[in-house]
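Use the sequences and the hints to build the structure in full.
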Amino acid sequence: MKSVSPRNLRNAVVVFLVTGILLLAISGFLRPVLGVVMDPFISTQRWLSDRFMAVYDYFTLPRDVTDLLVRNAQLEAEVSSLQTQVIQLQEQLQEADVLYSLLDFARARPQDNYVAAAVIGRDPIPFLHYLIIDHGTDDGIQHGMPVVTEQGLVGRIDAVTAGAARVQLITDPGSVVNVRLQNQNSEGQIYGSVTGEVTLGMVAQNVNLSAGEILLTSGLGGNFPTDVFVGQVLEITRSDNQLFQSASVQPVVDFDTIRAVLVITSFRSVNITPLIPALGP
Amino acid sequence: MLSNLISIPVMLVLSVLQMTAISRINLLNGSADLILLTIAAWGVREKNSNVFIWALVGGLIISIATAMPSFSPLAPYLFTSIIARLLSKRLWQAPILALIITAFSGTIFQHFFYIILLQISGIPLDFPESVGNVTIPSLLLNFFFLFPIYVIMGDISKWVTPEELYA
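Chains as they are written, first to last, in the numbering used here: chain G, 1 to 281; chain X, 282 to 448.
No wet-lab data here; the hints were simulated from the structure. Please note: incorrect hints may appear among the correct ones.
Reference excerpt, derived from the structure (chain X facing chain G, CB under 7 angstroms, subset only) [to be verified]:
1. Asn310
2. Gly311
3. Met349
4. Tyr395
Residues from chain G that keep clear of chain X, each with C-beta distances beyond 10 angstroms, as calculated [stated by the list, open to error]:
5. Leu23
6. Ile42
7. Asn72
8. Ile132
9. Tyr191
10. Asp256
Distance ranges between label pairs, derived from CB positions [said to hold, decoys possible]:
11. X:Ser402 with G:Tyr100: 20 to 28 angstroms
12. G:Tyr100 with X:Ser330: 52 to 60 angstroms
13. G:Asn72 with X:Lys370: 35 to 43 angstroms
14. X:Ser402 with G:Phe244: 21 to 29 angstroms
15. X:Ser330 with G:Val270: 50 to 58 angstroms
16. G:Gln94 with X:Ser344: 30 to 38 angstroms
17. X:Phe390 with G:Tyr100: 41 to 49 angstroms
18. G:Leu103 with X:Ser344: 35 to 43 angstroms
19. X:Val412 with G:Thr199: 18 to 26 angstroms
20. X:Ala302 with G:Gln94: 17 to 25 angstroms
21. X:Phe390 with G:Val176: 24 to 32 angstroms
22. X:Leu355 with G:Val270: 31 to 39 angstroms
On a predicted model such as this, the values are computed, not experimentally measured, just so you know. Note that the Cβ used here is the ideal one computed from N, Cα and C, for glycine as well.
And the structure:
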């Protein structure tokens, strides 16, 4: 039998001892012993680490704060820029919505040609109700052309330059539009006023006028195309000793918030003034 | 000379501001008139005797933009400048009082002038309705904008016509 060499025996003893110690350590039996041995080292290491970090922070923290402040300023500027972009995009989205609506209106009336224009101002005199739009003769706009939105009638071109035009609204005190009642075989006229209210007049007494009646352009007079939505009858004023009925009208267009309009460039207003017989001897 | 020339860009900027922004700030149907207030604020300063030039420039620019009969806005602005000059000489120790009286009388004259002019032009304006819904609210809005404009015009006045230093 071959005898075990002392060297191998020593190695085996060492392996057994190490394995045994490891198993004891893993199973927790050596914790009190290790605690007594390791605690001073751990305490020393913690003390040293705290002091080192304090010194490290002393040298590095001011630079980090400066960096953070710079970074914060950059981020705030970026947020501000993004907020501006969001507002601009929201504005563009609103414009796009308006333009899509105008496009829908134009598609619904393919027989006409249109020029879309943005509203860029109002008449500086508060007695008058006029808009200023950003397209003029360069885009084919001429005096007298009707102006609409996707909702209905806005007015007509009153004056025009190369790059801009002035639109007389149907709410202007000098505006008169010939209309027809959609559900009645009758016609009338709507007038603007200094307060922006619109009144229906010249409706015969025998017409059964009712609230909610829809008003469309009649085309009489040659100033506006036919069948453009104008508004609805609100409140009727009827008196037996008057020749005609009158009523307040709710225009279909909100003139306070109007942002873009369509000019019907294919429509030419007709000047019927020479055909009207002159009064006098 | 500079105080005459500066009236052109100032009035152009103000007229654009008037048409794009101020005309949309309404109280009932009234709105402030920056041109009139500027003329009043410029004219009540004793050294600004060229206020008539300012009124002329402002009136011409507004005449181009508005649908009122041709050059009619010139009249109320010139009237305001005359009132401003008269009061600046008589109330030189109380420029704020002169300013308020000028703005008030200028606004009243302007609106009555426009109402009469539009009625002559064949536009049926109801006088009490016009005064109640347009003139009085415009007056209130004009007083709201009057003092900021007075301060701004004071700065412009000091810039274009610096006071002489006596040794």
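Here is how each hint holds up against the structure:
1. Asn310: 5 angstroms, holds
2. Gly311: With a closest approach of 6 angstroms, the Gly311 of chain X hint holds.
3. Met349: 5 angstroms, holds
4. Tyr395: 6 angstroms, holds
5. Leu23: Holds: least Cβ distance 86 angstroms, greater than 10 angstroms.
6. Ile42: 72 angstroms, holds
7. Asn72: Label holds. Min Cβ-Cβ 35 angstroms, cutoff 10 angstroms.
8. Ile132: Check fails; 6 angstroms does not lie beyond 10 angstroms.
9. Tyr191: At roughly 8 angstroms from the nearest Cβ of chain X, Tyr191 of chain G sits no farther out than 10 angstroms, so the non-interface label is violated.
10. Asp256: 8 angstroms, violated
11. X:Ser402 with G:Tyr100: 20 to 28 angstroms: Since Ser402 of chain X and Tyr100 of chain G have Cβ atoms about 40 angstroms apart, the given range 20 to 28 angstroms is violated.
12. G:Tyr100 with X:Ser330: 52 to 60 angstroms: 56 angstroms, holds
13. G:Asn72 with X:Lys370: 35 to 43 angstroms: Violated - the Cβ-Cβ distance for Asn72 of chain G and Lys370 of chain X, about 59 angstroms, lies outside 35 to 43 angstroms.
14. X:Ser402 with G:Phe244: 21 to 29 angstroms: 24 angstroms, holds
15. X:Ser330 with G:Val270: 50 to 58 angstroms: Check passed, 53 angstroms falls within 50 to 58 angstroms.
16. G:Gln94 with X:Ser344: 30 to 38 angstroms: The hint (30 to 38 angstroms, Cβ to Cβ) holds, given that Gln94 of chain G and Ser344 of chain X are roughly 34 angstroms apart.
17. X:Phe390 with G:Tyr100: 41 to 49 angstroms: 47 angstroms, holds
18. G:Leu103 with X:Ser344: 35 to 43 angstroms: 37 angstroms, holds
19. X:Val412 with G:Thr199: 18 to 26 angstroms: 20 angstroms, holds
20. X:Ala302 with G:Gln94: 17 to 25 angstroms: 18 angstroms, holds
21. X:Phe390 with G:Val176: 24 to 32 angstroms: 30 angstroms, holds
22. X:Leu355 with G:Val270: 31 to 39 angstroms: 35 angstroms, holds
The earlier numbered hints that this structure contradicts are 8, 9, 10, 11, 13.
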